[in-house]
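Asker: Chains as they are written, first to last, in the working numbering: chain A, 30 to 253; chain B, 370 to 1127; chain C, 252 to 333; chain D, 252 to 333.
Derived from the structure by calculation, the hints contain no laboratory data. A few of these clues could be false.
[Claimed, not checked] For lysine-lysine, the following DSSO-like pairs were computed, each having C-alpha atoms within a straight-line distance of at most 27 Å:
1. 53/A with 250/A
2. 254/C with 284/D
3. 284/D with 284/C
4. 384/B with 402/B
5. 67/A with 723/B
6. 67/A with 53/A
7. 254/D with 284/C
8. 254/C with 284/C
9. 67/A with 250/A
10. 284/D with 254/D
11. 439/B with 584/B
12. 723/B with 584/B
Here the structure is a predicted model, which is why all the values come from computation and not from measurement.
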Amino acid sequence: MTTRVGVVTFPGSLDDRDAARAVKLAGAEPVALWHGDKDLRQVDAVILPGGFSYGDYLRCGAIARFSPVMETIVEQARAGLPVLGICNGFQVLCESHLLPGALTRNDHLHFICRDQRLRVENADTAWTADFAAGQEITVPLKNGEGGYVADERTLDELEAEGRVVFRYLDVNPNGSRRDIAGITNAAGNVVGLMPHPEHAVEALTGPTTDGLGFFTSVLRKLVA
Amino acid sequence: MSPTSHARPQLDTVKHAAETPDTPLPWAELGLKQDEYERITQILDRRPTGAELAMYSVMWSEHCSYKSSKVHLRQFGEKAPASDALLVGIGENAGVVDVGQGYAVTFKVESHNHPSYIEPYQGAATGVGGIVRDILAMGARPVAVMDPLRFGAADHPDTHRVLPGVVAGIGGYGNCLGLPNIGGEVVFDSCYQGNPLVNALCVGVMRHEDIHLAKATGPGNRVILYGARTGGDGIGGVSVLASETFDDSGKPAKRPAVQVGDPFQEKLLIECTLEIFAEGLVAGIQDLGGAGLSCATSELASAGSGGMRIDLDTVPLRDASLSPEEILMSESQERMCAVVTPENEARFLEICAKWDVIATVIGEVTEGDRLEIFWRGEQIVDVPPRTVAHEGPVYQRPFARPDWQDALQADDAGALPRPRTADELRAQVLRLVGSPNQADKSWITDQYDRYVLGNTVLAQPEDGGMIRIDEDTNLGVALATDGNGRYAKLDPYAGAQLALAEAYRNVAATGARPLAVTDCLNFGSPEDPAVMWQFAEATRGLADACQTLGTPVTGGNVSLYNQTGEVAIHPTPVVGVLGVIDDVTRRTPMAFTEPGQLIYLLGDTAEEFGGSAWSQVVHDHLGGRPPRVDLAAERLLAEILIAASRDGMVDAAHDLSDGGLIQAVTESCVRGGLGARLVVPDGLDPFTFLFSESTARAVVAVPRSEETRFTDMCVARSQPVTRIGVIDGDAIELQGRFAIPLAELREAGERTLRALFA
Amino acid sequence: MLKPEILDPQGQAVQRALPRLGFEGVADVRQGKRFELELAGPVDEAALERVREMARTFLANTVIEDFRVRVAEEVEEEGVGR
Amino acid sequence: MLKPEILDPQGQAVQRALPRLGFEGVADVRQGKRFELELAGPVDEAALERVREMARTFLANTVIEDFRVRVAEEVEEEGVGR
Ligand SMILES: Nc1ncnc2c1ncn2[C@@H]1O[C@H](COP(=O)(O)OP(=O)(O)O)[C@@H](O)[C@H]1O
Ligand SMILES: [Mg+2]
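The shape of chain A in the complex, shown without the other chains (with noise of 0.2 Å):
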């Protein structure tokens, strides 16, 4: 039985296509999301992609976090279900609140895109099981929004738990507290990050293929 990886497309949804190459490039079946659909089609784990959902007008994430869809996603993560927000899809678990904190405006006001360097923080999460923890990597960023931020308390209490999945390496591209491109809920199952993994699968267009780690990492998390 092959794995199925569910990945949403909400009204402007943009790397739900690359997500779902991903996924197939790491040997599961990607299933089509609708978010108007409460339905999960028996998935086995969910990926929020990439994009400007609603315009991303007023906040990045907020009127798609009231989408029906979300609503199973938020029940069932807190099931255990592995869930995995890129980008638009971190915004979208923090203003859910599977996820703590915040993404704001970069700190330069400019969108950017690059490659960049990050490590790999936390290696025990459903989606970062295939990297060793400490391990470097290099995967597209692009975001106009991306700075993460929480209060103080929050933050100690993420580096204690060892919550932070990824941190920026060489510069932080956004401002984020605590170089922080990435995190995760306390059972390890729900991990968002600003950059995109999906854009570095394939040698051909990506500038690695350190990418589909998280994606085998959920496989064999599901398969085992």
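Knowing the structure of chain A, use the given hints to seat chains B, C and D with the ligands on it.
Answerer: Using the frame of chain A, we list chains B, C and D with the ligands on its own:
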């Protein structure tokens, strides 16, 4: 100046117009000339109604009717080289090219110059939106955008208002649509100070059978308007903004000349339209751009059988106070108009509802050949649509070679003082590399998403952008745009050919075979005979060169009146070339990445400095003649580059253009993170070797194992080839003269735009 | 705030979302920016004139936006938005 | 408005630009959003309570933002921003 503000208490119906032949109408304020107005009254055999006048005035504007340029543009068709690749030629929303395996590609470049000067962010954003809808209307899925840009002097305060806004607008719209930006241009020159050029290109892909044309046939078929609601945006924008030199008088009060884009709405429009295409639900389709509904209805009807009836009351409005004339002229963005058979109507509306896109049946195709429009039950328009859309005025504008042209060409750049010592040479290399036009553009291009859709094989700063279009077969296309206004100023005929030659060369450098051309012709006022001469020469030059290179022009755009007072911009033909590559994994990137590989120069180098970057940067000089055009040499070079890519004989290639050899080598070295040792070939002096801008040249990196095979091929085909050095170390060294550390070159190139704009 | 005749995609997106969230009865939503300025000196007429100038030339894009200047919690000022 | 303890890069960029434009004496700038809602029915206490709820759950992200609800030109309302 809105038609309603004239004292016309009663609705100006067709009947009323016939009864009141003497009512004065504001045709002059709407940009019509006396004889044009008289022609309208002849066509209709009465005075036009206000609504009809609105339609004719926008559709007969320079922007929509191409009245000054038409007689010259005809050459693109007349001289078009025989090409099996052309599926749809000039005249449709965009041309369509066969790229094999059942795929067709459509691409086009368009200008949004004037709006971007007034409101840089929205002007540029809606420029992207407009060109994307053109491509969509052909039946294609848009897959990438490019943005050739020209600004005033880099250090001028107004450039600091315009550039960041334009870049943010292009990024804001394109990124939000999910279209990778794969290339473009950034050129600074004070001639663009009051007239920045914001051109936008979009490319789309479809299957052959999916090509859609903009025509309305089949009486009883529904005319459906879908997308955003209609507001007062850009009313008069087409005629006032795009066709006349700026002046503040006569803009309608409370009717914004500026259109605001909503990329999210456009994204929904794209997905919704593609789903509609996939189910085969449209008989004809047209995007709404300049001239809004006036344009869409009259063009659809004119290209079809001619008859159409529209009930304007059904148009969903954002502003209930709009008059019927204003609804017809509104340029609200993110709208499309489709012709749909009655059987398909329900499904069409259902798909729109799924995507949250408002869709309304606003009329139907009728028997006969009149476009009739009704408002509150009364007829306000009754016209033969061809006279609005396709039979507008045509001008034979007078043109004359300007009297200063001879003096300009006589002011030979070859006479400028040249660097005498190795130190001077070194210093000038650094100045060149750090000058705004040659400098690294990543401060700009980093604001664009180049990864989205996951098919970007090459993007800036590569010579051409490359997109994979089939993930199984690895079929792909490459695109480059170029245009050098300095060359074109010195000689518009040659300048246009050089623009084509450069874009063609850039595409070939990636390993793709050039197939077809789009162009955006940016010029000053056609009412100035000197400008008109530049235009005539440039179009002639481009048409001739396209014929020689076998690459037909498939479509494009003309932007006139780019001038402030009496002073026109440099004539700036921007040329986009599309190429095809059967296997994108064989692409040739520009970076030098293997120490020890040999660097070869392909092509001949002569002393050519007219219009060169060196003459601009070092001497602030523009004079003489541009580099000699040699299309046979371009063609041969392209064949060599394509063969080398296909057979794996080169690992890197980079074309030579402005800045000459040293600029190209610097870019390839910086990108690859490796230095080079260069030797001046016999018979050349170091200065000419480094800075000349002779055309039909490229540098390539050849693995040692391929050296013989590669040079044999060149010799066998009479391609000039010279070994000029080796990739090595962490500096660029000109043997016996100077060495510049790579870090210093990188820093010089990367610092400039950041220091100016960050 | 965007001028009333200018399209406000953000406001519209918010308005469209409200009924889905169970908030009915909102006839129109427009979204704009708000700046809070803290002045170093006294907020007298001269200072206010400078702030208005700032708003006109810099904070607002008067091609598409109107603005109002208001002194916090006290005076209410109508700006000259065009 | 962003909570005072949250970095406001937009406000800071504005503040940094002001002296260059010849505007001195601005000690602090913060940038936020402003929504104008037009209600279909009467603006009574029940309606206001609904609007406050809307602000708390949707218009503002109370993780990082405070908000105030105000009835245009008339009543002044302090919201419960946290
Ligand atoms: N406005 C822009 N948008 C996207 N890419 C750009 C832009 N300006 C320049 N580029 C890219 O930067 C690179 C260098 O540009 P340029 O020096 O003009 O190239 P060339 O001389 O080969 O035509 C190219 O890849 C070009 O596509
Ligand atoms: Mg090039």
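Asker: State for each hint whether it applies.
Answerer: The hints, checked one at a time:
1. 53/A with 250/A: 16 Å, holds
2. 254/C with 284/D: 16 Å, holds
3. 284/D with 284/C: 5 Å, holds
4. 384/B with 402/B: 25 Å, holds
5. 67/A with 723/B: 15 Å, holds
6. 67/A with 53/A: Given that 27 Å is the threshold and the Cα spacing comes to 24 Å, the pair holds.
7. 254/D with 284/C: 16 Å, holds
8. 254/C with 284/C: Since the Cα atoms of residue 254/C and residue 284/C sit roughly 12 Å apart, the hinted pair holds (cutoff 27 Å).
9. 67/A with 250/A: Roughly 25 Å separates the two Cα atoms, so the pair holds.
10. 284/D with 254/D: 12 Å, holds
11. 439/B with 584/B: The given pair, whose Cα atoms are some 21 Å apart, holds under the 27 Å limit.
12. 723/B with 584/B: 26 Å, holds
In summary, the structure agrees with every hint in the numbered list given earlier.
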